[in-house]
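Residue-level listing of the chains:
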Amino acid sequence: MKQYQKDLSNLQWTEQGKINLENRIKANATKQQKTPLSFAKIGLTAVAVSVVSVSVYATLPISSLTNLFLPLFSNAHSIETSHHEIFQQIAQPIGISDEIGNFKMTTEALVGSGTQLILVHSLSTIDGSPLSLPDGVAIDDLTFQSQWGTSVKGFACTRFLSKEDFNTSDNSIQFIEELIFSDGIPYGELATTIFPDIYYWSAEQVATLWIEGGFKTTYLLQYENNSQTIELNMTYQQNDFHYTIHSITISPIGISIDYIVDGILPNITDKAFSSISSQMLLSDSILTIYKKDGSSLMFPFVDASARLQDDLEADLTNITKTFQLNELTPLDTIDFMMIDDIPIYL
Amino acid sequence: MKLDLEYFLNKYADMVLRLSYSYLKNTADAQDASQIVFTKLFTKPKSFQDTNHEKAYILRITANVCKDMLKHSFRTRTCTIEHLSEIVAPENSTILWAVNELDTKYRIVIYLHYYEGYKAKEISKILKVPTSTIHTRLVRGRTILKNLLGDDEHETISKRPIKPTMDRTR
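Top line first, the protein sequences correspond to chains A and B. Per our numbering, the first sequence starts with residue 1, numbered consecutively. Per our numbering, the second sequence starts with residue 347, numbered consecutively.
The set of hints was computed from the structure by calculation and includes no laboratory data. The reader is advised that the hints may include incorrect statements.
[Claimed, not checked] Capping the alpha-carbon separation at 25 Å, the derived lysine-lysine pairs in DSS-like fashion look like this:
no. : chain 1 : residue 1 : chain 2 : residue 2
1   : B       : K413      : A       : K163
2   : B       : K401      : A       : K6
3   : B       : K357      : A       : K18
4   : B       : K413      : B       : K474
5   : B       : K467      : A       : K153
6   : B       : K390      : A       : K2
7   : B       : K390      : A       : K18
8   : B       : K451      : A       : K6
9   : B       : K417      : A       : K2
10  : B       : K401      : B       : K413
11  : B       : K371      : A       : K6
12  : B       : K390      : B       : K417
13  : A       : K2        : B       : K467
14  : B       : K474      : A       : K26
15  : A       : K6        : B       : K492
In isolation and in its complexed conformation, chain A is listed as follows:
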């Protein structure tokens, strides 16, 4: 296994990489110490209902929804009038809870556009007592040992979960769930969120049960879809592959690029899989959005979720790459985009 050791030794951080990593970790630690907003203050009081009830939606002030979701877009430093308008269109208050013992999980609200959703769930105590994690356990140590998350029957999706404590002085912690659906827009469908037994990683790094029983909430998805699809049918050649960008779908919270590439992705056991998949999925490419105000946003394709559909007869692969934006970006603020050095005019 000398060759294994030698080849794996080549994988290492550069000196600058270590410095950058150190800076990011310290910056993140500082950020985590800040005390952002309080769910209580913004009036998202959970409404306890039975497990299978469908929500009667609260009429929250739009400013509250803006306060709730804006921190999730890290580049948004201050609230502008346009933010209220955007959230008025894409946010949906929910306020459905499920309870176990003295614990309550509430699906607070969502922002959605097209096939992308961001849901905020909060875990709190029913009697208002402090939500105390076991000694020495941090919020990042919480984990699940079985299937968790939101699903909609007939709509496959990819999920991403992060855990936050929006207000360290209140009695709740938040689970932020991001979903990207691959089988269409689930508007008007019934969604079910399941958080099973909650575990934490102990000091010995052993998964230890904290809250037994699991939470389940069910509610209708009724956000407004204000995404816009632009047909492009633009072709270009890069390396050995021929790409056709069929369309781009833009919403304030995300961008999806539908393109077709020659060939079929080889089987994962094929030695060429890694290099071919990297080219077909444009893994080394960068999407840059140039805004009318002169600013720009950059997104590596490797960060985007991908959906692939083979067309064996035509020897083509249809690919949809979806990017989650870190800044609210309405279509009318975009000047043009580039994939590497290929300009895309809208």
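Position chain B against the provided structure of chain A, taking the given hints into account.
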């Protein structure tokens, strides 16, 4: 207690990156996993009995972070263009390809045994898996590797592992 982040990064950043890569099989996710591991260490410092304890603990945190990422269909989000040049990635390598073809449970024991130089009993403590299971995984992992790589690699794989460059006795 304050953690000397620079010391930990200089000493363990490459190890965490390689173990994360062994789990996740791509460098971008391995970079994200590394950031999560060191953020945990930095925000929740812990005192260690000795260097061996320190290293084994970091390996366990890394394993747990990677398992969480795999379980939750984790999608990388934090990578920027600058991040891409922060690491030196291995060139196309037949042996790395073959190891990456193994099931995760075999891949990780192969990494810990052949790269980090841990014995089955030590791996058992790190992964919280019985020693006999580690032995079985090493044998099966080697067998699959032999099949993937052909006879030329047979002799090499059968030899005792080379002690890694990192001195674990300090």
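Restraint status (C-alpha distance of B/K467 to A/K153 at most 25 Å): violated, 46 Å
Hinted pair A/K6 and B/K492, Cα distance within 25 Å: Distance ~18 Å between A/K6 and B/K492 Cα, so the pair holds.
Pair hint outcome, B/K413 versus B/K474 [Cα-Cα no greater than 25 Å]: Holds, because 13 Å separates the two Cα atoms, which is no more than 25 Å.
Pairwise hint evaluation, A/K6 against B/K371, where the allowed Cα distance is 25 Å at most: holds, 17 Å
Pairwise hint evaluation, B/K467 against A/K2, where the allowed Cα distance is 25 Å at most: holds, 22 Å
Holds or violated: B/K401 to B/K413, with C-alpha atoms at most 25 Å apart: Holds, because 18 Å separates the two Cα atoms, which is no more than 25 Å.
Hinted pair B/K413 and A/K163, Cα distance within 25 Å: This hinted pair holds, its Cα atoms lying about 16 Å apart.
Given hint A/K2 paired with B/K417 - CA-CA distance at most 25 Å: violated, 32 Å
Satisfaction of hint between A/K18 and B/K357, Cα-Cα up to 25 Å: Holds - the C-alpha atoms of A/K18 and B/K357 are around 11 Å apart, at most 25 Å.
Pair hint outcome, B/K390 versus B/K417 [Cα-Cα no greater than 25 Å]: Holds: B/K390 and B/K417 sit about 23 Å apart, inside 25 Å.
Agreement of B/K390 and A/K18 with the hint, judged by alpha carbon distance not exceeding 25 Å: holds, 20 Å
Distance restraint between B/K474 and A/K26, which requires alpha-carbon spacing of 25 Å or less: violated, 31 Å
Checked against the numbered hints given earlier, this structure breaks hints 5, 6, 9 and 14; the rest are met.
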